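Each chain, written out:
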Amino acid sequence: MIEPGAVFEIPAPLAAPPQRSHQDNPPERQSRWVVVVSSQTDCEDPGCMNVLSVLLSTRIDLAGPFDVVVLPPFGGVRRPSIAQTDIVVTIDKRDISGSINGPRYRGTVLADTLLQIKALLKARIDV
Amino acid sequence: MLYVIEQLGEVGVMKLEKILYLADLEHYQRYGRKITGARWVRQRLGPVAKSVLPSTRMMDGQEISVSKARVGDYTSDVYRPGPQPRFHPQLTTSERAVLDQIIELTRSISATDAARITYETTPMLARLEIERREGRELLNEALSFSRTDAETARVSQRQPTASENDRRAFKRAELARVGDLVEASVARSAER
Chain A
1 MIEPGAVFEI PAPLAAPPQR SHQDNPPERQ SRWVVVVSSQ TDCEDPGCMN
51 VLSVLLSTRI DLAGPFDVVV LPPFGGVRRP SIAQTDIVVT IDKRDISGSI
101 NGPRYRGTVL ADTLLQIKAL LKARIDV
Chain B
1001 MLYVIEQLGE VGVMKLEKIL YLADLEHYQR YGRKITGARW VRQRLGPVAK
1051 SVLPSTRMMD GQEISVSKAR VGDYTSDVYR PGPQPRFHPQ LTTSERAVLD
1101 QIIELTRSIS ATDAARITYE TTPMLARLEI ERREGRELLN EALSFSRTDA
1151 ETARVSQRQP TASENDRRAF KRAELARVGD LVEASVARSA ER
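First to last, the sequence lines map onto chains A and B. Residues 1 to 127, numbered by my numbering, are exactly what the first sequence covers, in order. Residues 1001 to 1192, numbered by my numbering, are exactly what the second sequence covers, in order.
Excised from the complex, chain B in its bound form (with noise of 0.2 Å):
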């Protein structure tokens, strides 16, 4: 969290959270853990470590500065690097290089479009699953990192929402186009 929070100078609460959820979900899916050990709930608005809230209490002031701001109709925390820091983060090589990635590619977004691309992971997606099944929002309930292909492939299936005919249509329409794709792929092997 403290790595994030030097690298992009202010950042608010819920683009912090989402931006460490996709880190971790990034490290585990490449190495079989996550950077921060946290355990992600689903939330409203996407997941969250509640682990996060009481470990900014405990930096406010030195490592980290805690400030409000309005955001949109409410009121949000801001996270600063602080001005007395008594440690440094303390990251491998690969959860910098994750860190680094997410970050960067998070950098120009608002919070709720982190937000909205939390919603199309996996973990999520199995959460969203359960609760179209059980007709009810399953708030606090843990994210799952871990679950097989099988299980994945069917959180993954998307619910249509254009018609069985213009879907039809569109595919089609997309297969006559990738046919120059593999024309020109054979042709090219021919000329080796």
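This is chain A alone, in the form it adopts within the complex (with noise of 0.2 Å):
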């Protein structure tokens, strides 16, 4: 099961080599952070493959206007970070090992850090 606000660590690229992507713990400097935003019902959906999230970076001193700063622990970040609200990317639910039980789960954020991310994802698409 996959939950809204759940993080993950997710190796980039996933593609080349194609086993890299399959590795639990692949190296820090090859891999990115996600924090996921799909709705609960799509994150337990199994016909939904895909879901959306938004890329973390620890480059807190570039935060602007679409970046949400996730403190640690919360999320499971080691450092002070930014989930950028700017950078929404679709995650295939099988790169993610598909659960918060899995090896790439970090942590999950606050439920208001969440609802500051939503909030800045709607005003973003004007709704």
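Calculated from the structure, these hints are not laboratory results. Quick caveat: nothing in here was measured; it's all calculated off a predicted structure. Note that beta-carbon positions come from the ideal geometry of N, C-alpha and C, so glycine has one too. Some hints could be false.
[To be verified] Derived Cβ-Cβ restraints for the label pairs, each shown as a range: (1) PHE1087/B with ASP61/A: 43 to 53 Å; (2) ASP61/A with GLU1129/B: 14 to 24 Å; (3) THR1112/B with GLU44/A: 30 to 40 Å; (4) PRO73/A with SER1094/B: 18 to 28 Å; (5) ARG124/A with SER1065/B: 46 to 56 Å; (6) SER1108/B with ILE125/A: 34 to 44 Å; (7) ARG79/A with GLN1062/B: 38 to 48 Å.
Can you join these two chains into the complex? Each is in its own frame, and there are hints to help.
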């Protein structure tokens, strides 16, 4: 099961070489952390193969109006980070091992942080 | 409050307040109501519930033991489980789950770090936005947990500190990097 607000560490690139995407703990420099922003329904629906996520970065010094601060230890982050709501990525559920119990799960952000992320996303698409 | 003290064994007043605030906010956002029911106000070191201090005085020597301890440059109240509890916390399943989550995550961080986290929550960001507008600190003002998405989006927008050029370069580099992820997702979809 995946839940909204869950943070996963995913290898980048996932495609080359193919076996890299199956490693549970890829080297940090070659992995990216994302926060799942899809609805609970989409997270749980086996027919929905992807989840929407926003990219995390530790470059908090470069934070701007589209970035939400995530402070450790929430979301499993080890350093102050930003969730970049202007960089939305579609992730194949299989690439995050499909579960918050999976080896790539790092933590879950506060409900309030997820609310901030979603509010900024909604503002960007004018809903 | 008693549950947090029992779980931690020993906790200073500032950290206790921040844990209770984060748990109250988390429970409110998930289930629509606070755990403590307390009225949170903005103080210089973050959110404070005015009801915490009187209730600790009533429980001192029974459910909790209050002592003084040196924390950095000042003396602070420290709470421990007391010797003669007259009652035990009655919590719902959701309240206990949220408290356990916040306690576990904040167990190893300092009171200052916990306060820093509260400063990034929507109620505090909203209060700080008003303060920026009015050009003064508004201490003792209530922190509202309820607001519309549009209000949340507005108060969540950070004032950039880096130059426009630096931020543009950063975002361009980030977009280039996620290109890999998108291509991988497309390639994996084609495999199905």
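We went through each hint and held it up to the structure:
1. For the pair PHE1087/B and ASP61/A, the supplied restraint of 43 to 53 Å holds, since their beta-carbon distance comes to about 49 Å.
2. Take ASP61/A and GLU1129/B: their Cβ atoms lie about 21 Å apart, and the range 14 to 24 Å holds.
3. Judged by the Cβ atoms, the range 30 to 40 Å given for THR1112/B and GLU44/A holds: they are separated by roughly 38 Å.
4. Judged by the Cβ atoms, the range 18 to 28 Å given for PRO73/A and SER1094/B holds: they are separated by roughly 22 Å.
5. Checking the proposed 46 to 56 Å range against ARG124/A and SER1065/B shows it holds: the Cβ atoms sit about 51 Å from each other.
6. Between SER1108/B and ILE125/A the beta carbons are some 38 Å apart, a value that agrees with the proposed interval 34 to 44 Å.
7. Checked against the hint of 38 to 48 Å, the pair ARG79/A and GLN1062/B passes, with Cβ atoms roughly 42 Å apart.
Going down the numbered hints, you'll see the structure goes against none, and every one checks out.
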